[in-house]
Amino acid sequence: MFTPIAWNNLFYVAAAALIATALVVALFSFGIRFFVNAENAKAKASKGNASALRAEAANRAVSYVLFALGFGAVIYGILLIIPGVIPAIK
Amino acid sequence: MDPLVIVGLVVGLALFFDFTNGFHDTANAMATPIATGALKPRTAVLIASVMNLVGALLSTAVATMISVGMINDASALKPEVVFAGLTGAILWNLTTWFLGLPSSSSHALFGGLIGAVVAATGFGAVNFDSILQKIIYPALFAPVVAGLAAWLATRLAYAITARSSDDDLATGRGRFRFGQIFSSSLVALAHGTNDAQKTMGVITLVLVAGGLQADGSHVQLWVVLAAALAIALGTFSGGWRIIRTMGKGLSEVKPAQGLAAEVATAATILASSKLGFALSTTQVASGSIIGSGLGRKGGKVRWNKAGQVVLGWVLTLPAAAIVGAISTAIVLTGSTGIIVDAIITVGVIIAIFQISRRNAVTHKHVSSELEDASEVVETKKQRKAAVKAAAKSSKGGKGKK
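First to last, the sequence lines map onto chains Y and U.
Taken in order, the first sequence gives residues 1 to 90; the numbers are from this note's numbering.
Taken in order, the second sequence gives residues 1001 to 1401; the numbers are from this note's numbering.
Simulated from the structure, these hints should not be mistaken for laboratory data.
Note that the Cβ used here is the ideal one computed from N, Cα and C, for glycine as well.
Be aware that a few hints might be false.
[Stated by the list, open to error] Simulated coverage check for chain Y against chain U, where a stretch passes if three residues somewhere in it have a Cβ under 8 Å from a Cβ of chain U: (1) 6-16; (2) 20-27; (3) 32-43; (4) 51-62.
[As the list claims (entries may be wrong)] Chain Y residues, not near chain U, derived (Cβ > 12 Å throughout): (5) S46; (6) K47; (7) G48; (8) L80.
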């Protein structure tokens, strides 16, 4: 007779993997989008367009924040590997 | 035979298994960044090697748990039996490496040990319930979850970076390569933490069985260092055959897909590790690559190759178990048996390496074969230009006729 599957644990793994992956990739993708926006605005800003200058700064700032958040998620992953830093899930 | 000699043989074999584990699994972390051009092949394996070394030194939490749950009677794991089990794992690992199949080194190790224990003491010594719960179910489940996560993440990445205007040259998708450097390093780190510890566990087990270490004591420092170095050296030697399969054989991977696949692999491994599933990083990484291949519009998965890979997964546990069992039958005949088994194993290892040299795959082959895949995702303009060029050439061809 087969041992019943521990559905709760498997569901936890599936949910955590799906959410974490989607979150990190979405953060990085938005970061790239804002970064490209900033690069596009840079060309106009160099011609002295004030609103383009503001747009460039804002987009660049947002992209850096998003990259930092994505990087933070990766650091969290590393901390998960080191035992004792983040308590195990019971 | 002197028990010290047997223990020495097993330690040497365990470290060699660790080495094969390293070069067999380099692809898990580094196949996609090499395929997308995020990292040069030699740089990639160097980073993977350092990350594996660091990962192996980070923790020894699971090192002493190698047999817990899997074997009912731990005393069945005598040094001779572990020796036989390791030969099964090594020979299967080298066979799949030669065939370029990304099979699981962990499953090869478990299979070899299970086969050896069954041959030595019978089926009663093995806890099949635990094997189902901790190895088989996760093996069926994890690649699917990783594939789903990678598929979803790839869709998201392409949707978020898509440009509605005609002039969509600046999607910036090539920049996903920078993210890949971090995500692939994370996968390599997780691999070092998981897989090197299995070797540490085997060596500790044998040291305890040989009376050289007290039962329940910590993993010795030299064991940690030796296992860390062995897996790092193995990783640095690069399993180019498997990197080729995972980098291009399963699907053509673009930078956004590469990032999605690696993040999915890391997330699945880390979530599973927290619950004590003995996951195969290879199976998870392969599942992620297939998922990311399906996630991109126009992306193709080579199902023929994927089928071969899955067949390799299915066969790993029983094949390593059969070799482990045969090896046990030889080993249990006495000292001569151990020597004969060692000679046969070394002979087969040399034969596999010799045959592999006839069609050697190096980092140079890998980089040239993966060159096409390193191009950034085709833009609308590029597609239009390609269609125009194709139409022009076909008109020219008709005109000539």
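The hints, checked one at a time:
Only residues whose beta carbon comes within less than 8 Å of a beta carbon in chain U count, and the segment 6-16 of chain Y has 7; three or more means the coverage holds. For the segment 20-27 of chain Y, the stated coverage by chain U holds: 6 residues have a C-beta nearer than 8 Å to a C-beta of that chain, and at least 3 were required. For the segment 32-43 of chain Y, the stated coverage by chain U is satisfied: 6 residues place a CB nearer than 8 Å to a CB of that chain, which reaches the threshold of 3. Figure legend: the segment 51-62 of chain Y, annotated as covered by chain U; annotation inconsistent (0 residues with Cβ-Cβ distances under 8 Å, at least 3 required).
For S46/Y, the requirement that its beta carbon stay farther than 12 Å from each beta carbon of chain U is met, with the minimum near 16 Å. Residue-level check passed: K47/Y sits 18 Å from the nearest beta carbon of chain U, beyond 12 Å. Listed as outside the interface, G48/Y is consistent with that label: its C-beta sits roughly 22 Å from the nearest C-beta of chain U, beyond the 12 Å cut-off. Its closest Cβ contact with chain U, about 5 Å, brings L80/Y to no more than 12 Å, contrary to its assignment away from the interface.
Against the hints set out earlier in the document, violations occur for numbers 4, 8.
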